[in-house]
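Given the coordinates of chain H, work out where chains L and G should sit on it, guided by the hints.
Chains as they are written, first to last, in this note's numbering: chain H, 1 to 335; chain L, 1001 to 1305; chain G, 2001 to 2347.
Hints may contain errors.
[What the hints assert, rightly or not] Residues from chain G that face chain H, not an exhaustive set, calculated with beta carbons under 10 Å:
#1 Glu-2010
#2 His-2013
#3 Asp-2062
#4 Leu-2081
#5 Gln-2099
#6 Thr-2103
#7 Gln-2114
[What the hints assert, rightly or not] Label-pair ranges, simulated between beta-carbon atoms:
#8 H:Pro-16 <-> L:Leu-1046: 48 to 54 Å
#9 H:Tyr-248 <-> G:Pro-2294: 42 to 48 Å
#10 L:Phe-1045 <-> H:Leu-187: 35 to 41 Å
#11 L:Leu-1118 <-> H:Val-63: 26 to 32 Å
#12 G:Glu-2084 <-> L:Pro-1078: 54 to 60 Å
#13 L:Leu-1122 <-> H:Val-63: 24 to 30 Å
#14 H:Lys-128 <-> G:Glu-2084: 20 to 26 Å
#15 G:Tyr-2124 <-> H:Leu-327: 27 to 33 Å
#16 H:Leu-156 <-> G:Asn-2289: 55 to 61 Å
#17 H:Ala-172 <-> L:Leu-1220: 52 to 58 Å
Hints in this document: simulated from the structure, not taken from any laboratory.
Glycine residues also receive a C-beta, built at the ideal position from the N, C-alpha and C atoms.
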Amino acid sequence: MKLWQYIARRLLLLLPVIIGVTLITFTISFVIPADPARAWAGQKAPPSTVEKIREEYHLNDPVYVQYYYYITGVFTGNWGYSHSEKRPVAQCLADYFPATFELTLWAMGIAIPTGIYLGVVSAVKRNKIPDHLSRIFALSGVSMPIFWLGLLLILLFYTYLGWFPASGRGIAPAHTYTGLYILDSILSLDWHAFVDDLWHIILPSITLSYATLAVITRMTRSSMLEVLRLDYIKTAKAKGLSDKVVIYRHALRNALIPTLTVSGLAFAGLLGGAVLTETIFAWPGMGRYAYQAISTLDYPAIMGVTLLMAIIFVIANLIVDIMYAYLDPRIKLGE
Amino acid sequence: MAEIEATRSFAKTHESQIKEFKYILHLIRKSPLTLAGLILLIFIFLVAVFAPWIAPYHPTYVGGQQYWPYDASKMLDPPSWQHLFGTDDMGHDIFSMVVYGTREALYIGFIVVIVAMLIGVLLGAYSGYIGGWFDEVMMRICDMFFAFPGLILAMAITAALGPGLQNVMYALMVVWWPAYTRIVRGQVLSVKENQYIEAARAVGISRFKIIWKHVIPNSLPPILVQATMDLGNVILTAAGLAFLGLGAAAYTADWGVMVSQGRSWLISGYWWWSTFPGLAIFITVLAFNLFGDGIRDILDPRLRR
Amino acid sequence: MDDEILLKVEDLHTYFYTYEGVVKAVDGVSFFVKKGEIFGLVGETGCGKSVTALSIIGLIDDPGKIVSGKIIFQGKNLRELPEEEMRKIRGKGISMIFQEPMTALNPVYTIGDQILEIILLHKYGIENIKKAPKELKNKERKRVIEMLRLVRMPDPERAIDSYPHELSGGMRQRAMIAMMLATEPSLLIADEPTTALDVTVQAQILNILLDMRDKLGISIILITHDLSVVADVCDRVAVMYAGNIVEMADVYTIFKHPVHPYTRGLMQAIPSIAEKKEELKYIKGSVPNLIYPPSGCRFHPRCEYAQDICKKERPKLVEIEPGHYVACHFAKEFFEKEKRAEGESNE
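Same shape as in the complex, but just chain H:
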């Protein structure tokens, strides 16, 4: 089986998962005590208007008919109306998505290499000082409330030292190509914006990356420990290879396989963390949108963010699976 065939098949398998996801979000929105028709119409609207909306949005139909409209809405981009923003949810999400994407990308960029490196050091120096230090660092990462870490960083680097800004994404670049400020500022050669945006993303991306970094460190450590005991490591040493080559070429390549799976799962933490991080740093992404929606009881917005985050997470795991198949020759694609 070719790689693209595998990807196509996996994409097809994505469909039932997404339907499952919508089943859950649909059930949750059913629980919501507030009357959506009333929310759309506004508090002062006469009952006849509310009833009209009720008809229009099929709220009087049986559950399964409502679900049919719901899921067709999901697939056709009709994700409801966000009354806090006074525009469709899909539009808001499209606007806010790049900011969240940029932030998570940076956080991943920090977390993966650092986490792998620390995990390797920890495993190689098992039960020695570097191992203890890196374990404490990693366990702190999974134990640290992300919002608290963000606040401490703001306190130190904004309030006291004044090195970094504490809110927003910085100046918008001269032209918009991708919606990622830093990339766009480079593409439009807007150095002023580039420096400002870089300065703005440092604290939030560090805040967001710590927990993921910690998870990757721990996983790399334990899978390295497991791999280092295996026979082929002894073979590699018996060949006369230096420790560096044995560890990075022979052990790490194998240890990365389980680490990769965990990185996919850690992405969930990253998306959850994004909500908290964006709230603290007033980062105009989907997370802050969700926070704002919670405080204004904008249910379609909350459900929209939830659904989109779940879809992103599912796709992230698909990418992980594909990389998995690439890294491990024992996995025959499609089996």
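The following block gives chains L and G in isolation, referenced to the frame of chain H:
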């Protein structure tokens, strides 16, 4: 005489278990991080139990009407000997609130994990043992839940139910049960193939009895390790929800709420209101993770040497 | 005669410091290996064969440690070499193959890459095969195929680009041998190379080892618990028991005139078709705990001839006839008895 005899025979028949237990104790002693986790946990439990004696002030209000010690001159006082962690904008003693907050954090953690675990053990054991369509449906349902980032799903559920501590706990239970179901099911599947289960079945012991007496006890250790680490995770997630304004009401002795409330003051330099409750969350979760992580390493024969 | 000796191990002690106590896995082992010979190291599981091998090549991991002794290879004491020098000997001077061909090859690299790696390392000093120039790789690729052909790998052009999981156990072990011999080392240590394989494949692998010795002129230390393997291919044999060598001689002597009670027990335990016995013989008792090994001669609790001296004094390995070494207080007496018995049976 009989007692000595009994002890001796106990020691004899349980020789291997005693040896194993001693070995585990030895490993805990040799692993400073696990030991640190254990000591921290004991400390945290003591604080929760003796909160009224440790806290110098009542954490919130007395008699439903009056904040105490409400004192305009005490608003946002920095840490001092009188108020170890300072005061909030109503003049509450933050140290007292943090001490009482321990009770709430542990309460949330234990109730959520125990309920999730019970649901998981029941459904997982049944699903794994029965197999067939029930198992298939169960696993697909779990998959649906796993497709969500935990905090996001909990956020959506709590938002739908309406903010509040109870609803946060319901939401966390909904988010956490599938993980246990899957672990237990996996354990059951591996235990099921063992000889003694086959034997029990051959002798004609009922299905329920086999699950209850043989399957569940044997899958317990990994579940308990998971539960230890999850206690920390649940407390952390609950604090996150409280921070987003979905948890308890303002001025409750709840760590997440306190960090959230102190947040706007922190930027202007009133750092203590958010910092100390946050530190309490961190230390508590860290303690559970240190201990759980250490125990997992110790129980994992592959990592032993 | 001394110039013939390739490897000489003198009074080697390798201990493991574990929770239960110090495991004296190898406790005073001495032997030598001549150029071009196949030297068998036999004994039950856990008697210290593998630890001896790993000590020679310097790959004893924590919590193990070589406590004392000399390992003299080509006139150099390997224990005194810095790690960097030792690395140059591993894979080039001394190679080693392991029991489990299933797990001894790295699953994520092709057979060809894994063989190429050792060639590039020792021939050109290139550690990272990704950085090697293309022409060099193409040139050495021919050498790899040649090596695979030498170990009689079926379809070597295809095997070179296969991943280990695509090959059978026997083929993997061939690949392993090809890899470890690609640099033409002077000594190959083969730790139970055939134990995990089918009987028919075992014979093929042993034949390849014999072949390699003849073609490349290498010495081989063959570690095994299987006496029939020893009888098939070895020139000389050392018998290990509980961390000690109890007897060492050429293979004919060991099988025909074993002297040490343990060796004799082993020989009697071999089932034979010629004389069908009511019951298979075995050595009474079990392998001792190496944390608290028996005092004196470690075999004495299981030895039917044990006397007081056996409990008190550790017997030394002494040469009782040219080339025949035995560690037993009564070696001389057993030897004479054996000779007499043989004399009688000849008459």
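Now the hints, each set against the structure:
1. Glu-2010: violated (23 Å)
2. His-2013: With a closest approach of 22 Å, the His-2013 of chain G hint is violated.
3. Asp-2062: Where the cut-off is 10 Å and the nearest Cβ of chain H is about 9 Å from Asp-2062 of chain G, the hint holds.
4. Leu-2081: violated (12 Å)
5. Gln-2099: holds (8 Å)
6. Thr-2103: Holds: closest Cβ of chain H sits about 4 Å from Thr-2103 of chain G, inside 10 Å.
7. Gln-2114: holds (8 Å)
8. H:Pro-16 <-> L:Leu-1046: 48 to 54 Å: Because 50 Å falls inside the window, the suggested range holds.
9. H:Tyr-248 <-> G:Pro-2294: 42 to 48 Å: holds (46 Å)
10. L:Phe-1045 <-> H:Leu-187: 35 to 41 Å: violated (56 Å)
11. L:Leu-1118 <-> H:Val-63: 26 to 32 Å: holds (29 Å)
12. G:Glu-2084 <-> L:Pro-1078: 54 to 60 Å: With Cβ atoms ~59 Å apart, the hint holds.
13. L:Leu-1122 <-> H:Val-63: 24 to 30 Å: holds (28 Å)
14. H:Lys-128 <-> G:Glu-2084: 20 to 26 Å: Since Lys-128 of chain H and Glu-2084 of chain G have Cβ atoms about 22 Å apart, the given range 20 to 26 Å holds.
15. G:Tyr-2124 <-> H:Leu-327: 27 to 33 Å: holds (28 Å)
16. H:Leu-156 <-> G:Asn-2289: 55 to 61 Å: holds (58 Å)
17. H:Ala-172 <-> L:Leu-1220: 52 to 58 Å: holds (56 Å)
Hints 1, 2, 4, 10 from the earlier list are contradicted by this structure; the remaining hints agree with it.
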